[in-house]
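Going down the list, the protein sequences come from chains A and B. Heads up: the first sequence runs through residues 1 to 215, numbered per UniProt numbering. Heads up: the second sequence runs through residues 1 to 215, numbered per UniProt numbering.
Among the clues, some could well be false.
Note that identical chains are pooled: a pair holds if it fits in a single copy or bridges any two copies.
[As the list claims (entries may be wrong)] Taking lysine to aspartate or glutamate and the EDC-like style, the derived pairs with C-alpha atoms no more than 20 Å apart in a straight line are: (1) Lys141 to Glu194; (2) Lys46 to Glu204; (3) Lys141 to Glu47; (4) Lys141 to Asp114; (5) Lys46 to Glu63; (6) Lys46 to Glu144; (7) Lys141 to Glu129.
Everything labelled a hint here was simulated from the structure, so no lab data went into it.
2 protein chains.
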Amino acid sequence: MTATITAFERSPDRGNGLARDMRLRWAFEEVGQPYEVRLLSFEAMKEPAHLALQPFGQIPTYEDGDLTLFESGAIVLHIAERHPGLLPDDANARARAIMWMFAALNTLEPPIFDRSLLTILERGRPWYEERLNALDETIRKRLESLSHHLGEADWLDGAFSAGDLLMVTVLRRLQSSGILNGYSNLAAYIARAEARPAYQRAFEAQRAVFTAAAG
Amino acid sequence: MTATITAFERSPDRGNGLARDMRLRWAFEEVGQPYEVRLLSFEAMKEPAHLALQPFGQIPTYEDGDLTLFESGAIVLHIAERHPGLLPDDANARARAIMWMFAALNTLEPPIFDRSLLTILERGRPWYEERLNALDETIRKRLESLSHHLGEADWLDGAFSAGDLLMVTVLRRLQSSGILNGYSNLAAYIARAEARPAYQRAFEAQRAVFTAAAG
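Isolated chain A (complex conformation) (with noise of 0.2 Å):
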């Protein structure tokens, strides 16, 4: 069976791909499985036959079968489980991947995050210089230490795996800062990932919904 993911119907990232939906495309795409989208307008998000699939009332959702998951991270990690592609078969490595999902997540996206909405619905705030420092301090204390840790390598730990796509997926949501140009290593390795066939179909598929939408 195909599985069906939600996304939105007019993306706010106007199809750049930061929209969290792209997580799960790009993951589909680079094991290779077909996937269906249903797209959902923000009226339709907080409806109830949505909120009873994702009570947080967000995209993206995955469906299954009988199986119903949200948390693009948690979905990423459950196409990785079941295909080949995105984890290391070595038991260490695997484990290392994971790390590095959560690391995405959890120690380099909400600051980044945090900074996105900063500067959408904050903008002339009498402490919007104030708070854009102090987050554009951590965020670059955190890719400091990415960056001293990613070298020369190509990837964060061996192959590419589900914790380089994540991490990349949160990384390009600096691009438009200016703040990424102090750390070339990390540039260049959202570029290598952003050249890969997988994330390139995964980027048209999303920017065609938009621009379908804006058409």
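The hints should help you fit chain B onto chain A, whose structure is shown.
For chain B alone, kept in the frame of chain A given last:
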């Protein structure tokens, strides 16, 4: 071989079980596995020996033979995968338990942790009240959804799981805020978890570290 974790030599939470080593201690106790603890000063956390294990200079870490992990969520999942007691046998129920682990760390924890940081670091700043109100509004929305999902059930999805373990450690951070007063089923959920013998053993073990350091 007994795994070794790291923890604060003197936890900023004064032994209240809010530091992230508590999650690992509790997981070990739930599955009945011994563990050893290596305590670190704030200075030691930033030294090369620790940064080689944890590139972001945080606690906890997990060392077992030639495997080193960081990220408390990843370590709890690793423990739960290797020993029975924290993940259901049924494949779909297992996927949902892991989904709740990600929900705890990625949907609930970010605004709750931001609130903690705000009340510690920014009390008295001009924007303090406005930002506290904004965070409380976000947190209440999430709690409302979580409370509605939990309903009258004991745990988030069937039997107690690693998802409940992480969720409770996240929610406990709100106990001094008064916010939980509006959600009696969530307060009861936390109390139910805290009453578990495994929780109590873990709590006493981390409290003993603080008591010894303060003595």
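Evaluated hints:
1. Lys141 to Glu194: neither (24 Å within a copy, 35 Å between copies)
2. Lys46 to Glu204: neither (27 Å within a copy, 42 Å between copies)
3. Lys141 to Glu47: between (40 Å within a copy, 15 Å between copies)
4. Lys141 to Asp114: Result: close both inside a copy and across copies, 15 Å intra and 17 Å inter.
5. Lys46 to Glu63: within (18 Å within a copy, 43 Å between copies)
6. Lys46 to Glu144: Between copies only: 13 Å across, 39 Å inside.
7. Lys141 to Glu129: Classified as within; 18 Å inside a copy, 27 Å across copies.
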